[in-house]
Amino acid sequence: MLSPRTSIRTLLAFALVSAPTLAQESERSGEEVYKQLCAVCHGDNGDGKGLVQLDRPARSFRDGGFSFGNTKEAISRTVAAGIGGTPMPGFASMLSESELDAVAEYVIAFGPKQPEAPDAAMRLTVGKRPQVVRGHLPPVAPGKKDQPRGLLVGTVDGLSWEYAADDLRLLAVRQGEFVSREDWKGRGGTPLKPLGRIVHLREGGDATSEFVQLPPEHVGSAVMRSTAYRRALKATEIRDGRAWIESKVMEGKTPIATVRESGEAFSLSTVAGYRRTFEIERHTDSALHFFAGSGPRGGELESIPLDNAGFLCFVPNGEDAGTAYFFQTRTVVDYMANAHGVSVKIPTDEQTAGFAVTVFPLPAGASEAWAQIKKEVMP
Amino acid sequence: MIFAAMLMAAAPQVGAEQYTVEYLTPPEGEIVEVGGMDFLPNGDLLVSTRRGRVWYVADPMADNAADAKWHIFAEGLHEGLGLNVIGENIYLIQRGEISRLIDLDGDRVCDRIETITQDWGMTGNYHEFAFGLPNDADGNLYFSLNLGFWSPEWWHGLSRAPYRGWVMKMTPDGQVEPFASGVRSPCGLGMNSAGDLFYTDNQGDWMASSPIYHVQQGKWYGHPASLRWTEEYQKEGRVPSSTIPAQQQRENAAVWLPYAWSRSTGNLEEANTDGAFGPFDGQFFVAELTEGRVLRVQMEQVEGEYQGAVFRFRDQIGSVCRVAFAPDGSLFTGFTNRGWGGRAPGHGLARLRWNGKPVFDMHRVSLTEDGFEIFFTEEVAAAPSLADVEAESYDYNYWWDYGSPQQRFSSHEVTAVALARDKKSLRVRLAGIEVGRCMKLKLPTLRTADGRALLHDEFHYTINRTRDGETALVVKDTTPPADKENASDGWLHLTWGDALNRWEGSGWELVDAELDPNDKSKLVTRPGIGALVNTGDDATDLISKQEFGDCEFFFRVMLPEGSDSGLYFMDRYELQLNDRRGQFAGVHSVKNPRVLDQYKGAGVWHTVSGRFFAPRFDENGRKIRNAKFEQIMIDGVMVLGSAEPGGETGGGAEGEVPRAPLRFQGWLGKVCLGDIRVRPLDRAPVELSGELTPWTNLFEQGTALWQEVGSADFQVSDQVLRASNGEGALRVVGDAVSGFEVRATIRVAEGGASSLALLDGQGEAGLRVALNASPGAQSKTGSILGVDGASITTDLIPGGAGADVHLVGTTEGGEMRVRVLLNGVVFQDLRVPVDQVNRGFAIELGDGASLEVSEARARFQL
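As they're listed, the protein sequences go chains A and B.
The opening position of the first sequence corresponds to residue 1 in our numbering, with each subsequent residue numbered one higher.
The opening position of the second sequence corresponds to residue 1 in our numbering, with each subsequent residue numbered one higher.
Derived by calculation from the structure, the hints in this document are not laboratory data.
Be aware that a few hints might be false.
[To be verified] List of simulated lysine-lysine pairs, DSBU-like, C-alpha gap at most 30 Å: (1) Lys69(B) x Lys128(A); (2) Lys253(A) x Lys357(B); (3) Lys113(A) x Lys522(B); (4) Lys234(A) x Lys357(B); (5) Lys423(B) x Lys248(A); (6) Lys145(A) x Lys357(B); (7) Lys72(A) x Lys253(A); (8) Lys253(A) x Lys442(B); (9) Lys423(B) x Lys357(B); (10) Lys193(A) x Lys357(B); (11) Lys253(A) x Lys113(A); (12) Lys49(A) x Lys248(A); (13) Lys169(B) x Lys253(A).
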């Protein structure tokens, strides 16, 4: 018998190792998938009482409430992508599309029958093609400003990416259903309603520009951010099932670089996060850094260079507490990860640069998850 | 009288015999609210919509309109109120950007949306539309930016972000330049073949009616709000007044459209069809939404300035917001009316085609030194007699009020008429023709040789300039009207914001509804906020959570054919709401309406208003006066003077009582309701009893009684407190009391949260009543903050409206029972520990909040 304290990792490791071997034979039913992969945490009968005791209890499916959407599509995406910052990993690599759908249906069946949402007609859903929506966005968090010019990108893995479109700042990453077009009602002009739950609220909802002249540094007791460049939206594009956002980094009225970015869900075995891929084309040799987020207040920031051009770091406290970053770069770059913040220098000697940053938005002090990330990412 | 006569004469003049209307039906279930249209080089049509989509309509000119094939080309756009295909490039104006839409792989679906510019300001106000998007020969694109409208003084258009209220130009390299100012609600832009730009505006403040202006760089068209962004105002930091005319050179409109002909004007497009659309090439066709028609405008240049005439062209089309000529010379019309109201259909497309039948009409008119020369499309049989020419002129007022009536009418004697030798033009000489006026001229008797009448026998010509060069403004400076009183004072809006929050009942939802065109006894609904409808199969009655007594009432209602509903006052006395002329708005089994033709039938929205008085009882509970209805009106016309039910009228609760809820019948037939308001004429009897202190006037000595906390400004003058500019509170803490009453008239502005708090001995708030009129706030005025189930999400008291806020605390069974009344109606009744709320109160202000408190007073039970 497993003790209630058996770690989720042990159990999932078991499930994950054994699953693919079982999977090869034929397509599994929703029930089979559930019993093999889900029941350890969510319980055989979906009540959230599995064999493991998690820091954050697994969801009970019996009341029918799903944080990231209650449709088959939404649940199957949650199963595929995992839930950032929680012990719920993504199973995309282990399950076929029909298995994902089957297990989603199985899970829905635990709960009460759902009436169709009255505003179903206004909902925009993401299917096999990403969706890009421009519109008025409500404040991303209480007390923050609304965005009369907003941009919301829905990717096929169930994440939505919420930007201020005036200066192209990523404010938050959400997960779940995509968006309700409230502006279809009334006289028009009503803000949209993003339906996904926020899995990462960047810098508490006040995310600044990510492209800066110099990395931030301490001046006295304050962290000074160097000149932040405005990023101007130039285009959105759907290509090969991905959504790309193209922008210009502006030094005053002069574009100094063109940036193309695209996001997706990213999951390790027991930690989920999201990855943003950047392609950068330089137009001038002005100094340019990508600033990912603030460093810890006072404390230490653990950062580990990786052999294959990149690094890994974890912010234990401060504004971005709990965020783990996993940078992968095409070429070796200068990076800075310390109490000031986490940033990389965009090289000036080459015309184009590329990097990917994976963000694991963990709860503050999630040292166990951080240890797991290190274990899986480091060679 | 003039208005009625005109309508009667107008009825047959629809142009239907010569111009057919074929409807292109969108795919099943899709609502296509047209904001822009243009044709691709291959003849297919792109339609941008208010729902942020671009539809691709393949084969739009198919002989059978049903053969057109629709699919979504792009979606997720932020409205699309103008679309222009230039060569292979598809340009679209969204609310926040001008974009180029690109199909990369040729599958007729947009893959890439390029943001060419976002270079204008937006505050997020719902009315900040962006319209466009014609181009000139040099590749510049033109667009126009609507002003914002904010409650409570929604009638003053404001420019709170750069270049709202301007026509703008975007150069081919994407640079944006402010081009001309003074615009209000500039829904349509169009270019003539000479390359001159025109825009249409909508009647409102500083816009007397709907004008068509010739847009020229640097000119100003009359609405002051936009001037804020001029260099001069910027330098001085000035903000234009909403009520005082600006000292600025104002331009004449090329043509003023009479309000009866156009109430919401859309875009305009010049016909260049090689005769395929009939004899009117070179003239403008103008979209008109509310009246559901297309107008025709013909201009001439007098000393280089445009002016001209408007004619009716084709009626009974739909809510036409956009017109666009197809390559084959047919005219496509695009509909939308959501939130604006207009003739059905309110969405979709129609194609107007000339069927080749003779069009006998006035072709164009030209101002002469002493009258007009009128050209016809065909020979006329004979000149009319002098008496058969009707000529009347008028002008307008320039002021901040919403529109201007046609003013200062004068009739003009017709002194001569002369038919040209070719019988295709007529000279009309008029006495007293004046510059700066609109001339209405009518030829009701004119016929062709074979006896056919003119299709449209009337035009309105705007005389900005005479042939001898005299010029004057048509819209005259005048004494402004008195400030508007706030019409919302004292009312409770029971369905604003969250429409169902103040009601009990199931099977009701908030949707947009109209009659099913195939079965008028049924409704079709779609997402929206237009109406509360009992859509559910087992819908129950809709009962107010609050109780009312005497009140003035107001609501909107629309019924399907044969339907039956009713409004039971106090759950007992039924005002009939059924599809029966002769019963609608009568009091059931007491009195029918005396005016029968005010009810216009199924599918038509009506407002019903009036007053209701509850029965009165003596101390022993014996009734001493009957319940009574007074002055029941349909659309502002009284249909029933008074009706006095001797008892319950049936189908309601039994026995008569002093106060009870409102109940709309929902189980018997479908009904659409909107904007239900009540203005209580009495106050619920909630008062302290026993020995009480006298009322204390709380701001008699300014803020002397009070302690000020935080950074907000609290200013008192004439015993009225005005609080704004930051976070803070005014507090007063005193000895413990066993009962209290605080009462004031409070006016809260939109934006920010504030509250009225009851305090404990430490000055901490033990209970907070929200004072909040901000759109989107979770707890609106009257909510108790932080208490489950005590949130009010309906905008009972909209921003700027004054409300009587009354808190009463009485000690009962060791607890303090606190009741909150708004305008005399009890909205909260809860019990809290006595020592949390018995020591004082505070007026608390959050960031961005501002409010005004008058007649503030309190009394206590010690």
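Here's how the hints hold up against the structure:
1. Lys69(B) x Lys128(A): It holds: about 23 Å lies between the C-alpha atoms, which stays within 30 Å.
2. Lys253(A) x Lys357(B): 59 Å, violated
3. Lys113(A) x Lys522(B): 29 Å, holds
4. Lys234(A) x Lys357(B): 51 Å, violated
5. Lys423(B) x Lys248(A): 66 Å, violated
6. Lys145(A) x Lys357(B): It is violated: about 60 Å lies between the C-alpha atoms, which goes past 30 Å.
7. Lys72(A) x Lys253(A): 47 Å, violated
8. Lys253(A) x Lys442(B): 58 Å, violated
9. Lys423(B) x Lys357(B): Holds: Lys423(B) and Lys357(B) sit about 20 Å apart, inside 30 Å.
10. Lys193(A) x Lys357(B): At roughly 52 Å apart (the allowed maximum being 30 Å), Lys357(B) and Lys193(A) break the hint.
11. Lys253(A) x Lys113(A): 56 Å, violated
12. Lys49(A) x Lys248(A): The hint is violated at about 50 Å.
13. Lys169(B) x Lys253(A): 19 Å, holds
Violation of the numbered hints given earlier is confined to hints 2, 4, 5, 6, 7, 8, 10, 11, 12; the remaining hints are satisfied by the structure.
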